[in-house]
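Trainee: Modelling step: build the complete structure from the supplied sequences, incorporating the hints.
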Amino acid sequence: MSSFKEYFEISPRYRNWSFGLMGVGVLSVIVGYIMYGSSADEAVNARFWGTMLQNSVYFLLVVNAAMFFICATTLGMGAFQMSFRRVTEAISVAVIPLGVIGLVVLLSLIFTDKHHIYHWLNPHGDKILEGKSVFLNKGFYIVWTILTIGLWMVLGYKMRALSRELDENPLPDVESGKKYIFKNTVWASLFLVWFALTVASTIPWLWLMSIDAHWYSTMYSWYTFASTFVAGMSVIALFTIYLKNKGYLELVNEEHLHDIGKFMFAFSIFWTYLWFSQYMLIWYSNQPEETIYFIDRIGNREHGNGFKGIFFINLIINFICPLLILMRRGSKRNYTTMTFMAALIIFGHWLDFYQMVFPAITKDANGITHANMNLFDFGVAAGFVGLIMFSTARALTKAPLTAKNHPFFKESIIHHT
Amino acid sequence: MSVKKFVVGCFDEETKLFAAVKNVRKAGYKIHDVYTPFPIHGLDRVMGLRDTSLHTAGFIYGITGTTTALSFISWVFTKDWPLNIGGKPHFALPAWIPIMFELTVLFAAVGMVLTFCYLCQLAPFVKKHHFHLRATDDLFVMVIETTAKTNEAEALAFLQQLGAVETNVQEAETGWWLGRYDKDTMPFQVREASV
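Going line by line, the protein sequences match chains A and B. The first sequence begins at 1 in our numbering and counts up by one. The second sequence begins at 1001 in our numbering and counts up by one.
No wet-lab data here; the hints were simulated from the structure. Backbone N, C-alpha and C define an ideal beta-carbon position, used for all residues, glycine too.
A few chain B residues that face chain A, going by a derived Cβ cut-off under 8 Å, partial list only:
no., residue
1, 1041
2, 1042
3, 1086
4, 1094
5, 1095
6, 1097
Subject to a maximum C-alpha distance of 27 Å in a straight line, what follows is the list of computed DSSO-like cross-link-like pairs (lysine-lysine):
no., chain 1, residue 1, chain 2, residue 2
7, B, 1088, A, 308
8, A, 410, B, 1016
9, A, 410, A, 398
10, A, 127, A, 138
11, A, 246, A, 398
12, A, 5, A, 244
13, A, 158, A, 5
14, A, 262, A, 246
15, B, 1022, A, 410
Pulled from the structure, derived: some chain B residues nowhere near chain A, Cβ distances all over 12 Å:
no., residue
16, 1112
17, 1134
18, 1145
Mentor: Following this line, the structure appears as structure tokens:
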């Protein structure tokens, strides 16, 4: 093992890029605040907070998906991911900075009473919103948001600590190995239960669906989960390929990349399945209080069609492209195709989140939605990308890149698809 | 359909089999096939087999299914028998997508099963030669195809040297033929020469 590069070293170029992107992000937030955020006009003001909400929630859920991947594979006794497990762990460290940012953004929406974004903050006189106030109220939102992000951090930290604990103390015998796997299983299932109660159910309803407060869809959370999980797999693929390219991760080969590619392919299809199920049921029953969600996005004569382009580009990038490009075995084993597709999918689901958040926020007095995406949105997104790059790279330098004492490590080296 | 002469070597361990396959190929013999009780990872690569085109066939079957569903449903509901269903447009694409999906799966699945059976030469009432019955139980059976120039004795000795526990020469039909396993009608005489 001595010839292996055990620790990642951040190259100056990488550091410059991550700081550059973070600088762009901070600058965008400041400029955006001056342009939109400081405005007394609620519609303009919501333009700033909508972007902050979209980006902080999207990137937080994406990096948290890395920890979901670790826990799900732990519970499934999976081994193939062990050779790049430290990369996944490093990505999940970004839950801490992004969680803090997300918490600040979400709580400031509540404390500064942004009812242009969350109409339910002021439900008086609105029968539907008053009916929903058991779930959609300030107290619950604050407590649940803090609990959610806090427990993601704590349980994620515990999973990483369990993995690190073997670096210095190899397991002496098979019995202790079994105990170690069991301990991992217990903590992974705790994380997954919490994940199910948050990302797979309440959190997307609370953070995102409540923007369209009168509308609801029980599929919304799974849709959000699929969206962020496939983007999370893409982030894992990108970092793995980057490290491989720099000569690290000698034990990762195209067999592992192939399996990451399968996840990206399969969950793109799964995302489409949920997208379509949600769309078709609403289209079929044709109830005005449900169709309003898609009228805001696809548009019609009275409502304008500002989001129509984004709505369909979203479907092309996130369904047609992965379906046709990632279907072949060869393309899932090819580093160039995988890099391209990973970047495309991350962008595609960012766009998906854009059209989930903005139509209701940008609706004017006549009920017309306006898609006014500009450099501010891209700048903020760049800031988050830089932050994930920096946080992941920093975490990678702190732990050996191979979890070499894990009982399943050998199985991962000889992995063959 | 032709009867050929084969040199057969049986191995009882995977590791020996892998090395033997490599050496036999290196020595210039042509491997007819390797029969194993269970799929062995990496054996196809060692044998130098190309990737199967079964998935390409599957894609084509799938596309055929999608096209069949879309063209038939759209013809029925827009041209042949237009119905007003809940005030929806006649060309109601979202409602058809589940059926298009199902026909895609049906065509792809059935087509691929039939293609797979054809490629493996499997069908009811059809028989193929077994080089060794224990290939379905606990032996890895490697079959080398011979030519007029092959020295059989040399090939048998080579296989034994590579660790084959059982070797023989068989004359066998290469393809499949109509027949049943219980009431077999042999189109030729199998000659076994145990060494």
